[in-house]
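*Asks:* These protein sequence lines are chains P and U, in that order.
Numbering-wise (my numbering), the first sequence opens with residue 1 and increments by one.
Numbering-wise (my numbering), the second sequence opens with residue 113 and increments by one.
Simulated from the structure, these hints should not be mistaken for laboratory data.
Fair warning: there could be bad hints in the mix.
No farther apart than 20 Å at their CA atoms in a straight line, the calculated lysine to aspartate or glutamate pairs in the DMTMM-like style are these [to be verified]: (1) P:LYS56 <-> P:ASP69; (2) U:LYS153 <-> P:GLU5; (3) P:LYS36 <-> P:GLU14; (4) U:LYS153 <-> P:GLU38; (5) U:LYS153 <-> P:ASP83; (6) U:LYS153 <-> P:ASP26; (7) P:LYS36 <-> U:GLU216; (8) P:LYS67 <-> P:GLU5; (9) P:LYS68 <-> P:ASP26; (10) U:LYS176 <-> U:GLU199; (11) P:LYS36 <-> P:ASP78; (12) P:LYS56 <-> U:GLU216; (13) P:LYS68 <-> P:GLU5; (14) P:LYS68 <-> P:GLU14; (15) P:LYS56 <-> P:GLU38; (16) U:LYS126 <-> U:ASP139; (17) P:LYS67 <-> P:GLU14; (18) P:LYS36 <-> P:ASP83.
Pair ranges (Cβ atoms, derived) [stated by the list, open to error]: (19) U:TRP122 <-> P:THR81: 20 to 28 Å; (20) P:PRO39 <-> U:PRO120: 32 to 40 Å; (21) U:CYS125 <-> P:GLY40: 43 to 51 Å; (22) P:GLY40 <-> U:SER130: 35 to 43 Å; (23) P:PRO39 <-> U:MET157: 37 to 45 Å; (24) U:GLN172 <-> P:SER28: 46 to 54 Å; (25) U:GLU171 <-> P:SER7: 23 to 31 Å; (26) P:PRO39 <-> U:SER185: 29 to 37 Å; (27) P:GLN111 <-> U:LEU180: 44 to 52 Å; (28) U:GLU171 <-> P:SER28: 28 to 36 Å; (29) U:THR129 <-> P:PRO39: 26 to 34 Å.
Glycine included, every Cβ here is placed at the ideal spot set by N, Cα and C.
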Amino acid sequence: GEDVEQSLFLSVREGDSSVINCTYTDSSSTYLYWYKQEPGAGLQLLTYIFSNMDMKQDQRLTVLLNKKDKHLSLRIADTQTGDSAIYFCAESIKAGRRALTFGSGTRLQVQP
Amino acid sequence: GAVVSQHPSWVICKSGTSVKIECRSLDFQATTMFWYRQFPKQSLMLMATSNEGSKATYEQGVEKDKFLINHASLTLSTLTVTSAHPEDSSFYICSAIHTSGSYEQYFGPGTRLTVT
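Can you make the complete structure from the sequences, with help from the hints?
*Replies:* This is the structure:
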């Protein structure tokens, strides 16, 4: 079955780096995603990584994938107060063809 | 591009009434749309997969007679919560996949339903 887990809360100071972690159980995951959700709003896709990649960098965001340990992380460099939100990791087994399984979400709080 | 809208953005209804929520892909065609619900401070849980022109596929534990889904066109799926009860109060979010088969799902902004 599919199970995605995240830590619930992370607090960092503005300007520091944030690292949000995620573990998943299904080794057949094809794509792994990171979404951001601000209060009362829908989901914003931040980035994704294909399962045959180890790392992907997109401006302030770095995604690391350890397929052996089924561990995914999102690093946000130079975290800003506007980054405060809930971050969800999600996996898709058959790329784009089926629904996503979401983690529980990590609430990131950025202290000024 | 790739915008998904939902209407209404929030709705309050009385117990026993029905509420229809629309999910539209504004600038692309979507063969498949998904409906999720999110309880406060919780993750998104898939309710059903909506395929244009065919019956929706419901996840285990989701009552298909209570949550009616209609995907009548390539740009519109509707979710009707019938005989709503307070425990149906939740945040309902839809997503859509482009007919081209893109890896990406585009999410709507969500609809907050409150049943009094």
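*Asks:* For which of the previously enumerated hints does the structure constitute a violation, in increasing order of number?
*Replies:* 6, 14, 15, 16, 17, 20, 21, 22, 23, 24 and 28
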